[in-house]
Structures are given as C-alpha cells and as structure tokens.
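Trainee: Sequence:
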Amino acid sequence: MRIPSKLSAFLAVLALAFTLIAGSAAAQEATPESLQPADLDGLQHGVARAYTIDYSALIDLAATPGAEMTVPSGVLTLSAVILEFDSSGNAETALALLQEDATTDMVGETAEVTKIDLDLGDASIGYASVEEFEGQELETIIAVVQQDAYVYFAVGVGSDQDMQTLVNEFTTTLIDNEGSGAGELNDDATYSGGLWNKFPAADDETIADLIPYDSVIFPEPEGTPAP
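Numbering (my numbering), first residue to last: 310 to 536.
Hint data in this document are derived by calculation from the structure and do not stem from the laboratory. Think of the CB as a built atom: it goes at the ideal place given N, C-alpha and C, for glycine as much as any other residue.
Ranges between beta-carbon positions, derived for each pair:
{"#": "1", "residue 1": "Gly490", "residue 2": "Ile425", "range": "29 to 37 Å"}
{"#": "2", "residue 1": "Thr474", "residue 2": "Glu401", "range": "22 to 30 Å"}
{"#": "3", "residue 1": "Gly444", "residue 2": "Leu494", "range": "36 to 44 Å"}
{"#": "4", "residue 1": "Asp426", "residue 2": "Asp369", "range": "34 to 42 Å"}
{"#": "5", "residue 1": "Leu494", "residue 2": "Thr423", "range": "32 to 40 Å"}
{"#": "6", "residue 1": "Ser501", "residue 2": "Gly444", "range": "36 to 44 Å"}
{"#": "7", "residue 1": "Ser365", "residue 2": "Thr515", "range": "18 to 26 Å"}
{"#": "8", "residue 1": "Val439", "residue 2": "Glu478", "range": "15 to 23 Å"}
Can you make the complete structure from the sequences, with help from the hints?
Mentor: Below, the structure written as structure tokens:
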C-alpha cells in the first residue's frame, strides 16, 4: 500500500532540505492504483506547514559554476502534515494504511532508515536516517502519530542538533494545541485558524528563524490541477 500521492508529494516538500541537498526524496506520480486523500474514510481536512531556512542563497550558490557548496549547520527544516478525521476509528485505520511506506516517501528508497522510540504514545512510530553530504551528517527524524481523530506526520532535518528531542517537542505541541477545520487564507499566503492553530505560535523557540510555507492537502483548493 502506497502513501497517497498528494501526501507523498508534500512529504517530499517537508523534507525540502534533504531533497535540495541530498536529492534523495522524490514525489510519486499518481497512478490509478495509488491511494488518494479522498479515499481515506472520514477524512475531513488535511493541512501542511514546512518551516525552513532561507534557501535562496544556497540555491544561487548551487547554480554558480565552480562555487563551493557548504551545507548550513543547525535545523534546516521542521515541518508537519496534520490530517483530521470524523472519528478516532477512521484516524486509526488511516494510520495503518499510511505509515507503512511513509519512510520511503519522505527520505527516499536509498537511505538507511532505523525505527526509533520518540515517546509519543502507543499509536506512533519514529524513524531516523543519517546521510553524509560534503563531510557533514544530515539527520532526518520522522514521527507518525495518531491521537484521537488526528494523524500527524512530523519531519525534522538538520545537523549539530538533538533532532530527536526537537521533533518530539514539535510533535507534542501539534498534539496538545487545539484546532479543527479549514482555517483562513491570509494576505501573506499563510493560513490561520482551524487546524492551523495546532502549529507552534510564531514566537515559539522551536521554529525560531525558520520561514513557514503552507499547503492545503484536503479538500483541494479550487483550481487545483488534476493529477
């Protein structure tokens, strides 16, 4: 069972640092057999937010012939997908369907992935992967959690940081914060209200100096091209 292609595409975005620097994560093409968000029984809303460093300078450097590329240290991205269902039973069923191939879709098929315990409850699973690039180790930590009527995917990528603790704290914040529904689109292309209230407050230290990028997974915004 493959993870929904639209979720897979954004999970690749969540691992943006890993994608740009190591090139390991890739979105799947939709196929008639692939599970879509609308196929998940009871799915009401799905949202995603990727907090990342400012990649503009890094991308410009990569495009400059002969330039020496240096990977920034610290947290490169800290991001999450939140799915809201109409019942905890449907959320639990969805978790079983989604988590099977979550690691492959988020960190790529070539990465060596290890299961870890992030102490996020019985209905959770954690993964860790380390890739070396230009002499620097980039650690990817993934948490997949079902709590009540919600399923959470959290991803952290960085170096010289305790990424496991950071992802644990980030995911715990998502779970603890109250939020439900679609929310509203703001003038700066971010969202607020509804499920978006589950994300950390703007002044939260875990996302300090990171830039948020938002995406609605379900229901699809009007005008979204068909896969």
